[in-house]
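Asks: Here is how the chains run, residue by residue.
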Amino acid sequence: MQQIVNFLIRNKNFLLFLTLFCLSLFFTIQSHSYHKSKFINSANVISGGTYNVMNNINQYFNLKDENRILLNENNRLKSLLFNQQTQTTIPVEIDSLLEKRYVVTAAKVLKNSYSFTNNYITINKGERDGIIEDLGVVSSLGVIGIIDKTSTKYSRVLSILNSNSRVNAQLKNTNHFGTLKWNGQSPKNAQLTDIQGLANISIGDTIVTSGNSIIFPKGILIGAITSFKLIETEDVYNINVELFNDMTNMGHVHVINNKDSNEILSLNELNE
Amino acid sequence: MNNIVTINILRFTILILVQVLILNNINFLGYINPYVYVLFILLYPIKNNRLVFIFLSFLLGLFVDFFLDSGGVNAAACVTVAYMRPLILKFSFGMTYEHQTVKFNNAEFVQRLTYFTILIFIHHAILFSLEIFNISYFLLILKKSIFSTVFTAILCLLMTVIFSHKRT
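Those sequence lines, one after another, are chains A and B.
Quick note on numbering that gives the first Met the number 0: the first sequence kicks off at 0 and runs consecutively.
Quick note on numbering that gives the first Met the number 0: the second sequence kicks off at 0 and runs consecutively.
Any given hint could be a false lead.
Below, in silico cross-link-like pairs of lysine to any residue (SDA-like), each with a Cα-Cα straight-line distance of 20 Å or less [as the list claims (entries may be wrong)]: (1) Lys-180(A) - Leu-55(B); (2) Lys-187(A) - Lys-46(B); (3) Lys-99(A) - Asp-259(A); (4) Lys-217(A) - Thr-205(A); (5) Lys-107(A) - Lys-180(A); (6) Lys-11(A) - Ile-45(B); (7) Lys-46(B) - Leu-15(A); (8) Lys-187(A) - Asn-24(B); (9) Lys-142(B) - Gly-183(A); (10) Lys-107(A) - Leu-20(B); (11) Lys-142(B) - Asn-182(A); (12) Lys-46(B) - Phe-13(A); (13) Lys-142(B) - Ser-114(A); (14) Lys-217(A) - Glu-262(A); (15) Lys-180(A) - Asn-133(B); (16) Lys-187(A) - Tyr-30(B); (17) Lys-187(A) - Ile-31(B); (18) Lys-187(A) - Phe-54(B); (19) Lys-187(A) - Leu-139(B); (20) Lys-11(A) - Tyr-82(B); (21) Lys-11(A) - Leu-55(B); (22) Lys-46(B) - Asn-10(A); (23) Lys-187(A) - Asp-259(A); (24) Lys-11(A) - Phe-54(B); (25) Lys-142(B) - Ser-185(A); (26) Lys-11(A) - Val-51(B); (27) Lys-187(A) - Asn-23(B); (28) Lys-11(A) - Tyr-30(B); (29) Lys-46(B) - Asn-12(A); (30) Lys-187(A) - Leu-28(B); (31) Lys-11(A) - Asn-47(B); (32) Lys-11(A) - Leu-86(B); (33) Lys-89(B) - Asn-12(A); (34) Lys-142(B) - Tyr-113(A).
Now the stretches of chain A that chain B is said to cover, found in silico as 3 or more residues with beta-carbon under 8 Å [claimed, not checked]: (35) 17 to 27; (36) 135 to 146.
For the record, the hints were derived by calculation from the structure and aren't laboratory data.
All values derive from a computational prediction rather than experimental measurement.
Just so you know, even glycine gets a beta-carbon here, dropped at the ideal spot from N, CA and C.
Could you put the whole structure together from the sequences, leaning on the hints where they help?
Replies: Below you can see the structure in the form of structure tokens.
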């Protein structure tokens, strides 16, 4: 017994080092799998609060850009509205609360990164604004990510620039669908895999979200095809997609809550 | 004694804030960021309680991890360099370290440069290999650690020169 205690005392530095190193390795490994990093995330009071204070100062510097983005989006929506083919008057809804399938919350980006292999975004809306895990996040130009962790006031978004991110996507004109991933290289590009070899694709085609997942509504823009390669053995395409969103420069985002998600999820559970 | 404690507490908080609020937004050439917060480990007093030192380094890394959403990557790198620091000190300062008389402010430039570079390189190598966590990206890890080491070392040296208070 005496010897064990002596050994512990003699090697206390090394043992402390080993314990702390293993602890941080444990955190690291947890952070590499989706939805597992429980303790270490920036959606907490200290880091969220600090980023919030900094953001309150910083936001004045890009008001001009934000205005331009807003104007462009308004412009796009107006042109969609005016060019609608069936000019029907919008029917008056009896109870607008019950009819809405998607509830959209506006949020501000507090922190964004794009130089790591696993990037996260922190936004200033949390549980008290009705944000829960697995909601989709979009900007005016396209998909940004999926809510991954929430606290009372802040939440963390798993950016599409994250090697764990999987988004269900499809070709805009043909409905062939696949999975959008990121290989960790350039923040301008993402990779679309598992598109059927039968699909007729060409460079410049638009990629949008498919309605297959309950996270994003159908038809949200993602990017355009820059190059593609057919994998002969599996008969699927590997497509390089240039994102419409500038992931390095983000101001305001929208969180999309699908009201029917629980219903669809319970149906899917019945199937399994 | 109290003076040293206050200086280190201040250094701890200021370095973390500077790191997460300013330096992590640099992204020079798309991926090079300096990690100047290591300066806390570099300049920690040499006569110290090693247990406290290792634990403080762990906390330092963990706080940076909290802000950057990086799991425990920074904590692991910090703990390792904190544990290895006596070895690196012995290697770069030689005899003066044995007599416990090293003062960073009036150490020779070359000695200080070797000390900084070795420690920072080890820190960055661990940091990036854990962050990428994939052996097939070995070259990317090496490239990132070398470029970031140069960047961090230059900034650290500059900061020590600017903030050194010479007693006259």
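Asks: May I ask which of the numbered hints given earlier this structure violates, with the numbers listed in increasing order?
Replies: 1, 2, 5, 18, 23, 28, 36
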